[in-house]
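Sequences are here, hints too, so could you generate the full structure?
Line by line, the protein sequences give chains A and B. Our numbering applies: residue 12 is where the first sequence begins, and numbers increase by one. Our numbering applies: residue 24 is where the second sequence begins, and numbers increase by one.
The hints are simulated quantities; they were obtained by calculation from the structure and are not laboratory data. None of these values were measured; they are calculated from a predicted model. Among the clues, some could well be false.
Covered stretches of chain B, going by a simulated chain A footprint (3 or more residues, C-beta under 8 Å) [what the hints assert, rightly or not]:
no.: 1; stretch: 45-53
no.: 2; stretch: 61-75
no.: 3; stretch: 116-125
Pairwise CB distance ranges, derived in the manner of DEER restraints [what the hints assert, rightly or not]:
no.: 4; chain 1: B; residue 1: His-95; chain 2: A; residue 2: Glu-70; range: 16 to 24 Å
no.: 5; chain 1: A; residue 1: Lys-82; chain 2: B; residue 2: Gly-119; range: 46 to 54 Å
no.: 6; chain 1: B; residue 1: His-95; chain 2: A; residue 2: Leu-127; range: 38 to 46 Å
no.: 7; chain 1: B; residue 1: Gly-119; chain 2: A; residue 2: Phe-21; range: 31 to 39 Å
no.: 8; chain 1: A; residue 1: Val-23; chain 2: B; residue 2: Gly-39; range: 39 to 47 Å
no.: 9; chain 1: B; residue 1: Arg-131; chain 2: A; residue 2: Thr-16; range: 24 to 32 Å
For every residue, glycine included, the Cβ atom is placed at its ideal position computed from N, Cα and C.
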Amino acid sequence: NAGVTQTPKFRVLKTGQSMTLLCAQDMNHEYMYWYRQDPGMGLRLIHYSVGEGTTAKGEVPDGYNVSRLKKQNFLLGLESAAPSQTSVYFCASAGAGAFSGANVLTFGAGSRLTVL
Amino acid sequence: DQQVKQNSPSLSVQEGRISILNCDYTNSMFDYFLWYKKYPAEGPTFLISISSIKDKNEDGRFTVFLNKSAKHLSLHIVPSQPGDSAVYFCALFFSGGYNKLIFGAGTRLAVHP
Numbered sequence: 012n013a014g015v016t017q018t019p020k021f022r023v024l025k026t027g028q029s030m031t032l033l034c035a036q037d038m039n040h041e042y043m044y045w046y047r048q049d050p051g052m053g054l055r056l057i058h059y060s061v062g063e064g065t066t067a068k069g070e071v072p073d074g075y076n077v078s079r080l081k082k083q084n085f086l087l088g089l090e091s092a093a094p095s096q097t098s099v100y101f102c103a104s105a106g107a108g109a110f111s112g113a114n115v116l117t118f119g120a121g122s123r124l125t126v127l
Numbered sequence: 024d025q026q027v028k029q030n031s032p033s034l035s036v037q038e039g040r041i042s043i044l045n046c047d048y049t050n051s052m053f054d055y056f057l058w059y060k061k062y063p064a065e066g067p068t069f070l071i072s073i074s075s076i077k078d079k080n081e082d083g084r085f086t087v088f089l090n091k092s093a094k095h096l097s098l099h100i101v102p103s104q105p106g107d108s109a110v111y112f113c114a115l116f117f118s119g120g121y122n123k124l125i126f127g128a129g130t131r132l133a134v135h136p
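Shown next, in the form of structure tokens:
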């Protein structure tokens, strides 16, 4: 049982380049999320999805796009990377419904992105 | 404006002693309060939670206390072990918000022999 898998784990981009981070979960979770972690800032929500074909903005959505074409996958895209997007990106998934151990967010191992 | 604050970026504790990590929040709308633990090069993992209607929850060496009037949350680890060395995030959970979590900035705990 892999849980939440993120690819790639590391990437270096030049300013203006584009890329896509892939998140895959095998827990049949309804909800998926993309967070970024920066020093002194904790984890901040970029975008999230409450089901296949749906997406919504989080706290820091600017400069990112997302897609959820399949229930198990959630893609995060950077169309024109900027140095301010240098960060560690975490994908998470959770079951729907009232709080329980089954719907606490499960995180992937992270993707470290550097934009030069 | 941060809804969750962890004012201590780091904490150093001797093995066997108690570790106390603190968290303050500003909004009373949240249903649950959680602690996540994060090791380097790994994603955060869920540690313990507490409902907003309780003031204490215990799981082995870990106890979380909630003081709603002070809007304060704390995590106690007794006894602390070197394997507890990690970054600890408190997080607020609101069921009406598609189970999103709002995180604090984290506290790095170092447990030394």
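Taking the hints in turn, this is what the structure says about them:
Against chain A, the stretch 45-53 of chain B contributes 0 residues with a C-beta closer than 8 Å to a partner C-beta. That does not satisfy the three-residue criterion, and the hint is violated. A count of 8 residues in the stretch 61-75 of chain B with a Cβ less than 8 Å from any Cβ of chain A is obtained; the coverage claim is therefore met, three being the minimum. Given a C-beta distance limit of less than 8 Å, the hint that chain A covers the stretch 116-125 of chain B holds, as 7 residues qualify and 3 suffice. In this structure the supplied range 16 to 24 Å holds for B:His-95 paired with A:Glu-70, their Cβ-Cβ distance being about 23 Å.
A C-beta distance of roughly 22 Å is found between A:Lys-82 and B:Gly-119, which places it outside the suggested range of 46 to 54 Å. For B:His-95 paired with A:Leu-127, a C-beta distance near 42 Å keeps the hint of 38 to 46 Å intact. Evaluation of the 31 to 39 Å hint for B:Gly-119 and A:Phe-21 yields a pass: the beta carbon distance comes to about 37 Å. Our hint of 39 to 47 Å for A:Val-23 and B:Gly-39 holds, since their Cβ atoms are close to 43 Å apart.
In this structure the hint that B:Arg-131 and A:Thr-16 lie 24 to 32 Å apart at CB holds, the actual value being about 26 Å.
The structure does not agree with the numbered hints 1, 5 stated previously, though it agrees with the rest.
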